[in-house]
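Undergrad: Sequence:
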Amino acid sequence: MILEIGVDLVEVERIRDISLKWGDKFEKRVFTPREIAYCNSKKSRYQSLASRFAAKEAVFKALGTGWCLGLRWQDVEVVNDSLGKPNIILSGEAQQRAELMGAKKVMVSLSHTKKYAVAYVVLIGDENANPTQKTAEKYLP
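When the count follows this note's numbering, it moves up by one through the sequence shown with no breaks and lands on 141 for the last residue.
It should be emphasised that the hints constitute simulated quantities derived from the structure, not laboratory data.
Wrong hints could be hidden among the right ones.
[Said to hold, decoys possible] Pairwise CB distance ranges (calculated):
{"#": "1", "residue 1": "105", "residue 2": "23", "range": "20 to 28 Å"}
{"#": "2", "residue 1": "128", "residue 2": "70", "range": "20 to 28 Å"}
{"#": "3", "residue 1": "26", "residue 2": "93", "range": "17 to 25 Å"}
{"#": "4", "residue 1": "127", "residue 2": "33", "range": "32 to 40 Å"}
{"#": "5", "residue 1": "81", "residue 2": "43", "range": "18 to 26 Å"}
[Stated by the list, open to error] Within a straight-line C-alpha distance of at most 30 Å, the following computed BS3-like cross-link-like pairs (lysine-lysine) qualify:
{"#": "6", "residue 1": "104", "residue 2": "28"}
{"#": "7", "residue 1": "115", "residue 2": "85"}
{"#": "8", "residue 1": "114", "residue 2": "21"}
{"#": "9", "residue 1": "104", "residue 2": "43"}
{"#": "10", "residue 1": "25", "residue 2": "61"}
{"#": "11", "residue 1": "61", "residue 2": "115"}
{"#": "12", "residue 1": "61", "residue 2": "104"}
{"#": "13", "residue 1": "61", "residue 2": "114"}
{"#": "14", "residue 1": "85", "residue 2": "28"}
{"#": "15", "residue 1": "61", "residue 2": "21"}
{"#": "16", "residue 1": "43", "residue 2": "25"}
{"#": "17", "residue 1": "21", "residue 2": "42"}
{"#": "18", "residue 1": "61", "residue 2": "85"}
A virtual CB, placed ideally from N, CA and C, is assigned to each residue, including glycine.
Using the sequences and the accompanying hints, generate a full structural model.
TA: In structure tokens, the structure reads:
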């Protein structure tokens, strides 16, 4: 059962400019060492960084928070399997929140051009999950 979806579109140039301005400080705050190593190995480094940034934003949207409430950028990691298919690994508050919502799986699709990167995320859970109620109980006054 689909619990929630999230989508994000990022301008590659924006990520490139931020990365060039802030360098390691930006990248180490947002991306995991494994994500940085993967992007550094790619010819289209900034497109890969932008895709991962969009994926993190899309996950935050699917979790219903955006980037807040204790979520950290590195709580969402994008890794590729041996065939190149991207997968999401959650940790920390992002993982706790997904579990609270009843999410059993996070699916992601990434795409990019020279100008834009997009990510689409789907949280999958079982029929008994009630993400809206559980979200309200924990996060709303």
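Undergrad: Given the hinted pair residue 43 and residue 25, is their alpha-carbon gap at most 30 Å?
TA: Distance of about 22 Å is within 30 Å: holds.
Undergrad: Going straight from one Cα to the other, do residue 61 and residue 115 come out at no more than 30 Å?
TA: Distance of about 22 Å is within 30 Å: holds.
Undergrad: Is residue 61 close enough to residue 85, meaning Cα to Cα at most 30 Å?
TA: Between residue 61 and residue 85 the Cα gap is close to 21 Å, so the pair holds against 30 Å.
Undergrad: Using the Cβ atoms, figure out if residue 127 sits within 32 to 40 Å of residue 33.
TA: For residue 127 and residue 33 the Cβ distance comes to about 38 Å; the hint holds.
Undergrad: Take a quick look at whether residue 25 and residue 61 sit within 30 Å of each other, Cα to Cα.
TA: Within the cut-off at roughly 24 Å; holds.
Undergrad: For a C-alpha distance cap of 30 Å, please report whether residue 114 and residue 21 respect it.
TA: 20 Å, holds
Undergrad: Checking one constraint from the list: CA of residue 61 to CA of residue 21, max 30 Å. Satisfied?
TA: With Cα atoms ~27 Å apart, residue 61 and residue 21 stay inside 30 Å; holds.
Undergrad: Mind checking the alpha carbons of residue 104 and residue 43 for me, to see if they're no more than 30 Å apart?
TA: Violated - the C-alpha atoms of residue 43 and residue 104 are around 34 Å apart, more than 30 Å.
Undergrad: Does the Cβ distance between residue 26 and residue 93 fall inside 17 to 25 Å?
TA: Check passed, 21 Å falls within 17 to 25 Å.
Undergrad: Given the range 18 to 26 Å, decide if the beta-carbon distance of residue 81 to residue 43 lies inside it.
TA: 20 Å, holds
Undergrad: Hint check: residue 85 vs residue 28, CA-CA at most 30 Å. Holds or violated?
TA: Status holds; Cα separation ~23 Å.
Undergrad: Can you confirm whether the C-alpha distance between residue 61 and residue 104 stays at or below 30 Å?
TA: Holds, because 17 Å separates the two Cα atoms, which is no more than 30 Å.
Figure legend: structure checked against the earlier numbered hints; hints not met, in rising order: 1 and 9.
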